[in-house]
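Protein chains in written order, with the working numbering: chain A, 82 to 298; chain B, 619 to 806; chain C, 16 to 234.
These are computed hints drawn from the structure, not numbers from a lab.
A portion of the hints provided could be inaccurate.
[Stated by the list, open to error] Chain B regions said to be covered by chain C (calculated; three or more residues, Cβ under 8 Å):
{"hint": "1", "segment": "629-636"}
{"hint": "2", "segment": "655-666"}
{"hint": "3", "segment": "757-768"}
[What the hints assert, rightly or not] With the Cβ distance kept under 7 Å, some of the chain C side facing chain B (calculated, not the full set):
{"hint": "4", "residue": "GLU134"}
{"hint": "5", "residue": "ALA137"}
{"hint": "6", "residue": "ALA140"}
{"hint": "7", "residue": "PHE143"}
{"hint": "8", "residue": "ARG150"}
{"hint": "9", "residue": "ARG151"}
{"hint": "10", "residue": "LEU152"}
{"hint": "11", "residue": "ASN156"}
{"hint": "12", "residue": "TRP158"}
{"hint": "13", "residue": "PRO185"}
{"hint": "14", "residue": "ARG232"}
By construction, the Cβ of each residue, glycine as well, lies at the ideal position given by its N, Cα and C atoms.
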Amino acid sequence: MNFTQWGLEPGPLLLGALVTLGLTAISIALGQVVGLGLALLRRQQWGLLSPLLAAYISVIRATPLLTLALAVFFITPALGYDISAPAAAILAMTINTSAFNCEIWRGGFAQFPRDQLDAAKAGGMGATLRLRRIVLPQVGRQVLPLLVNEMTILIKNSPAVAVIGIVELTRTAVRIGANTYRPLPPLIAALVLYILIIWLVVAAQRYLERHYKARLT
Amino acid sequence: MTSLNSPTPIALQVAGLNKSFAGRPVLHGIDLQVAVGETVCLLGPSGAGKSTLLRCLNWLEVPDSGSIHIAGQRIGVNADGSKMSERNIATIRTQTGMVFQNFALWPHLTVLQNIMEAPLHVQRRPKPEVQAEALELLAKVGLSDKADVYPATLSGGQKQRVGIARALASRPQLLLFDEPTSALDRSA
Amino acid sequence: MIVHELVVAWKHIGDLLDGAALTVVLSVVAGASSLLLGCGLTLVLMSRQRRLASVLRGFIELMRCTPFLLLAYLVYYGLPSFGLRMSNIQSGLLALLLYHGAYVAQILRAGWLARPREEIEAGLAFGFRGVLLARRLILPNLWTSCAPALGNQMIQVVKDTSFLTIIAVPELTSAANSLQSNYYIPFAALFSAVFFYWLICVVIELGVSMLRRKAERFQ
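Put together the whole structure using the sequences plus the hints.
Structure follows, in structure tokens:
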């Protein structure tokens with residue numbers, strides 16, 4: 082397969098895809114933990130915490146990922162810490178996606194039927210146990226599609242981190258096109274690779290759903 | 619009493635109507651004739667096919683076979699047997715008025731606008747004429763004071779009366795009532 | 016130190032406001048045109064034009080899988096191959112229009128299918144059809160029932176304008192970035208940008224809740 086004839090450089094493209102995959106995978110994983118944590122914190126009515134968290138989440142959700150990446154990358158050194166571009170990218174993406182995940186979990190909690198909680202309380206279950214065995218498994222199953230949708234959104238927003246110097250898939254494709262004076266082939270190849278990555282995530286979701294379903298019966 | 623010399627004009631003629639849903643026959647060889655000025659009631663147990671027959675008459679459901687003529691004009695199928703165009707079906711539908719089980723009033727229009735909507739925008743009759751007639755119909759169903767009100771605030775019985783006025787507004791040859799009282803309580 | 020940064024930022028607030036203004040203009044133009052395009056796409060999707068509807072469905076699916084910046088590049092660098100040369104702002108607007116038009120069409124289509132069947136049937140029964148049926152009886156309710164989802168989509172439009180920094184469009188993020196690198200004021204510049212984005216989103220959300228309240232009397 083003569084890739085150069087088609088205007089493609091498969092090596093760099095695959096490397097770019099790996100960079101995208103790696104950075105987003107880490108951010109997605111961290112974002113799940115942080116997002117759920119934020120949602121659980123919001124459930125507690127600890128005085129000033131709730132409104133402050135609400136304000137923080139509302140601001141993060143209104144901020145484009147690109148702007149957030151710039152903010153993280155340039156403000157952190159100003160605070161006295163060195164930060165590499167990949168670390169800044171992961172931090173920005175995690176902050177971004179955790180805010181959306183938090184809202185997804187909150188929506189799920191809000192819809193959770195109160196009587197199940199009351200039944201658990203009446204049965205003498207403590208708060209942590211209730212959460213772990215009753216609330217989270219069911220709400221988790223319900224919000225899984227929404228969480229996965231948010232993952233695909235993060236993958237589609239990930240080219241934003243090119244602005245702080247990360248050579249991810251889109252930037253690689255543009256660079257190849259600039260070198261070969263044929264911009265279209267690498268861009269289309271990048272598109273195919275993004276679709277593949279997104280498809281992988283959705284396939285993983287379907288696997289997880291089948292796994293959950295098996296445990297019900 | 620029909621005279622022997624002049625035949626009674628026929629508003630609706632149904633012949634050999636058949637309709638099945640997923641292999642299950644619902645209408646089987648239906649023949650029906652309704653003269654102008656005549657009122658016909660379809661009575662039957664739930665699931666007998668009353669609604670299906672009614673909805674076939676204005677082609678909201680497409681029958682499997684048979685013919686339906688409204689005021690002498692066949693609906694749904696052209697003279698040469700081909701499928702009738704949407705435009706022509708719509709034209710024939712202006713000759714019919716329908717009153718729905720769940721009222722089906724348009725929520726974003728006032729009561730008066732609901733009644734005037736079809737005559738104004740489909741039949742394209744002049745607005746003063748349509749408005750005058752609509753107000754007259756509204757008075758006939760006893761809801762003159764609700765002309766500029768939105769349907770959401772009306773009771774079931776009131777909505778149904780608006781539905782009747784709306785159906786009459788396009789001066790139809792044929793009025794179809796699809797279980798018009800099943801959603802109402804006895805007092806309405 | 017932050018105070019010092021804010022003072023410097025205030026001196027150059029004009030640049031920031033220029034960027035914000037461009038962001039607003041891009042958002043309004045792209046937002047309005049994508050609403051129009053989405054509406055047109057939905058009308059075709061719900062019509063009887065089977066083949067055209069399938070093609071459009073394919074287009075919408077493609078837009079849902081494509082990263083926005085990649086689409087912007089495809090428009091900016093790809094279209095010249097077909098003889099169409101556009102400026103970076105024009106390419107950005109076209110990309111925004113195509114991308115969000117597809118999403119709007121999806122939202123409107125879902126809302127259309129969710130509407131009670133009877134309202135549409137009543138329209139058909141009285142002789143309404145096609146564009147007249149859609150325009151007078153379906154769309155008015157559709158806009159209000161889909162308002163929250165459409166509002167979210169408009170917020171996405173605003174956020175996606177930030178991607179155009181990378182193709183050198185001098186919008187808000189680009190202006191903030193210039194400011195922070197030229198005058199060493201990362202806090203002030205970027206916090207100001209974040210504040211502006213937040214403000215624009217609040218305005219959009221207020222607009223949506225106003226629309227919802229107006230529609231309350233129809234429920």
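Comparing the hints with the structure gives:
1. 629-636: n = 0 at 8 Å, threshold three: violated.
2. 655-666: violated (count 0)
3. 757-768: violated (count 1)
4. GLU134: holds, 6 Å
5. ALA137: holds, 4 Å
6. ALA140: Hint holds; C:ALA140 Cβ to chain B Cβ min 4 Å, cut 7 Å.
7. PHE143: Since the shortest Cβ distance to chain B is 6 Å, the answer is holds.
8. ARG150: violated, 9 Å
9. ARG151: Since chain B brings a Cβ to about 6 Å from C:ARG151, closer than 7 Å, the hint holds.
10. LEU152: Nearest chain B Cβ about 6 Å off; hint holds.
11. ASN156: With Cβ-Cβ at 5 Å, under 7 Å, it holds.
12. TRP158: violated, 10 Å
13. PRO185: Where the cut-off is 7 Å and the nearest Cβ of chain B is about 42 Å from C:PRO185, the hint is violated.
14. ARG232: holds, 5 Å
Of the hints listed earlier, those the structure fails to meet are numbers 1, 2, 3, 8, 12, 13, in rising order.
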